[in-house]
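**Q** In case you want the letters, here they are:
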Amino acid sequence: MRVLCLGAALMALPMAVAASEPKVFETRLDNGLKILVQEDHRAPVVVSQVWYKVGASSEYAGVTGVSHMLEHMMFKGTARHPAGEFSRIVAANGGRENAFTSQDYTTYFQMLERSKLPVSLELEADRMRNVRFIEAEYAKEHQVVLEERRLRTDDQPHAKLQEHFDAVAYTNSPYRNPVIGWPDDITNLSLDHVKKWYQLWYAPNNATLVVVGDVRPDDVVREARKQFGGLKPSVLPPPRVEQEVEQLGIRRLTVRLPAKLPHLLMGFKVPSLKTVQDEKEAYALEVAAGILDGGNSARFSKNLVRGQQIAASTGVGYELYARLQTLFMIEGTPSQAQTVDGLEAALMNQVKRLREEPVTEEELQRVKAQVLANHVYQLDSAFFQAMQLGTAETVGLGWKKIGEYEARINEVTAADILAAAKKYLIEDRLTVARLDPLPLPEGAAAPEAPAIGGGHVR
Amino acid sequence: MFASPRVKTMRFLILGIFLLAGVSSAEAVPEIQNWSTPSGGRVLFVPTEGLPMLDLRMVFDAGSARDGREFGIGALTAGMLDSGAGALDADTIAERLDAIGAILSSGATRDSAHVALRTLTDPPKLKEALEVFETVISQPRFETKDFEREKNRVLLGIQQKGEDPGEISEMAFMKALYGEHPYAHPVEGVKETVEKLKASDLARFHKEAYTRGNAILVMVGQVTRPEAEAIAVQVYARLPEGAPKPALEDPAPLSGSETVTTAFPSEQTHVYSGVLGLKANDPDYFALVVGNHILGGSGLVSRIMEEVREKKGLAYSAFSYFLPMRVQGPYQIGLQSKNASAREATEIAVRTLREFVDKGPTDKELDAAKKNIIGGYVLRLDSNAKLIGEVAAIGFLGRPLDWLNRYTAKVEAVTRDDIQRAFKARIDPDRLKTIMVGGIKPAANGGQ
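Residue numbers (the numbering used here), protein chains in the order written: chain R, 36 to 493; chain U, 642 to 1089.
Read the hints as simulated data drawn from the structure, not as lab findings.
Source: prediction; values computed, not measured.
Check each hint, because a few of them may be wrong.
[As the list claims (entries may be wrong)] Dumping the calculated DSS-like pairs for lysine-lysine here, alpha-carbon to alpha-carbon at most 27 Å:
1) K151(R) <-> K1027(U)
2) K802(U) <-> K337(R)
3) K231(R) <-> K786(U)
4) K151(R) <-> K1082(U)
5) K802(U) <-> K295(R)
6) K953(U) <-> K230(R)
7) K1027(U) <-> K295(R)
8) K839(U) <-> K337(R)
9) K231(R) <-> K315(R)
10) K786(U) <-> K337(R)
[As the list claims (entries may be wrong)] Selected chain R positions facing chain U (Cβ under 7 Å, derived; list incomplete):
11) R123
12) A294
13) Q371
We put the beta carbon where it would ideally sit given N, CA and C, even for glycine.
Excised from the complex, chain R in its bound form (with noise of 0.2 Å):
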């Protein structure tokens, strides 16, 4: 997943494991659809999720954001449903709905009550080949998504630090752009580039279906066969596949921008499960992500935030079910009396020491219990479990593996880690970045005559 969660890694974990697991049916449909049903009987609703092989990582230099933009004008109307009915139309059925683009993919959902699944299905098979993109509709929703880069990044000092890192991370990885796109680009996009990626991309056999919930399989399948099982597919251009090259030394940046608190990020050049040679490899790092930072007895809680104080808080994350190569990254703020060179040190000890002493086997043992219940609490949620079913498949590593996460993190052995950390977390493969905070100007509060709130009126 490209979700990068506190705590990390451990908040991403499966479901279907043993015998008595929720079984996963599986088909495809000779326009090349594939259908992953999932039965979950414990309360009458169902989520229906259609995953597109297509992100900001399919993307090339000047058309950043352009899958994003696309998802956008996802809501823009058909010649069937013009634009605005889309979401009309869910909700008059009770319906929740959103979109969300990554690097690896692009996704659509609802949540329904089980029997409005038609409904999800039908407006899904309908804009998957028949969006129509009106100029007027463009106009505004490009003034949205750059209302939304301002929102999300451009206004937060923590998400610009992330950007500027990637792109110094990463040399030739296309995971070094941001998936809303770099601001110029997404200036310059045009509703042509937009309806281009979409003719080149959103086809049956470049889409996954995964529903999840209070549904028959066959129920599933049939209503699906009748909503897309008549969309032509397409013939795809090969997937980027470029693996970043070999990072040749330490990497470092500082932004300095107006802010209250520095911050650190430092990543760490590793494969993910789907690019490694040795899948026991990428296990062991998600269990080093655990050792770290996986709960308040962990590392990084232990002995940065707790024992000498050096951290106000701490971060790792990474990012298993990514396509490509990834970073295993940490990130921390000092606390109120340590500076950020304490900060790093000290962080960079704690890898130093994962990479010269094995854990000890408490520390295995509690990571292990941690994946154990986290396994039963994510089955409470039908959405989690269609999230992860649908970014596996998507990213080329099939849903099954999802099946195996909790045998594999129990087969990973002290041994392992070590031998991971000596190969991956080193120096060669570091990026260091820092928030290093201009000051901001205090602003005084200056009250207006009346005059929005409608006095003027009166």
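Dock chain U against chain R, hints included.
**A** Coordinates of chain U only, in the frame set by chain R:
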């Protein structure tokens, strides 16, 4: 927290606050069991099947509204509970919980403080988790060393809010709405008050507020009724008897409208505008909440979103909502727009509100809103995590226990006239408190 924004970008923001609920089919609505322990501790319980896990939440009337002049004491007290309790130091608490995969969290809002536990129901694990939980709520140590560390972390968090125009705007909005009322100050306090706090202050606050009489225990999960009863006795065992806190005073009614701009070096201006809104058991609850669903509470299909975003492209996120609280919570419109268009976007949103107050919704809008609320109600109750949130709100806000069962009927009964009457009576567009933080230019004196 590691939330990397490059990662995902969504069609629209999902607000953390969903105020609507309704019921679509009787089978989906759980029965809430309700009892008191022999010592008088109140309990709400919903048994669920299918997953061997239990969610447990203890809610105390000990949020920031109970801070007095010591702004931030409620939040810091809740936040420090797991930093040492009884015979357990912070490391031991963390190790014992992590070793069984149990998750403990605590925190405060304006109305309440809570301690939550999620654990497997495998008997040895459940026993271990409950022991730690019980110790944490009833025997926190508040040792100076831990206290100074956590206080410093809170102070850094307060400082960091100063780099976020949205946070600055929201703080100013609450202050403008509530003046000297205890809802006015930020939950985590302000630098000047938090700096003065001492560990002994927290111990005193805990002793007064973390009592049986001032608490409610909520459980959702796969345990039997007798097991749930035993758990309740255990977790209430060492809390002192205590009494419920006296009712909060009502906030003072607002006088005229007011607009305040604060310069901030950001690309967008963050706007909050609103008035005092709903309290928990408000007679106008359903009329106002269903009405606002149409006006600004239903994402892309709401009127404010339609006017500000869909027709004009002026904002990514634009909304309005009522936050029901023990006494009148805020009604607020929120949006962010580039500095050059923030004033126009705000005017459009306020004009949309004014039209809605004047004319109410159309029949078609009301029908669509009811279909969405009622048809989607099962989605509010489809997991243990969502259920415990709903049930805890019912318990803490003193809603009737059949709240979930009667919700859709109440929604269905709302008429256009109800909405129009309630909005006219309660929402005066001439009394809006409006806060704008960003690079916007202040309006020339005298308005437009």
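**Q** Looking back at the hints listed earlier, which ones does the structure fail to meet?
**A** 3, 4, 7 and 9
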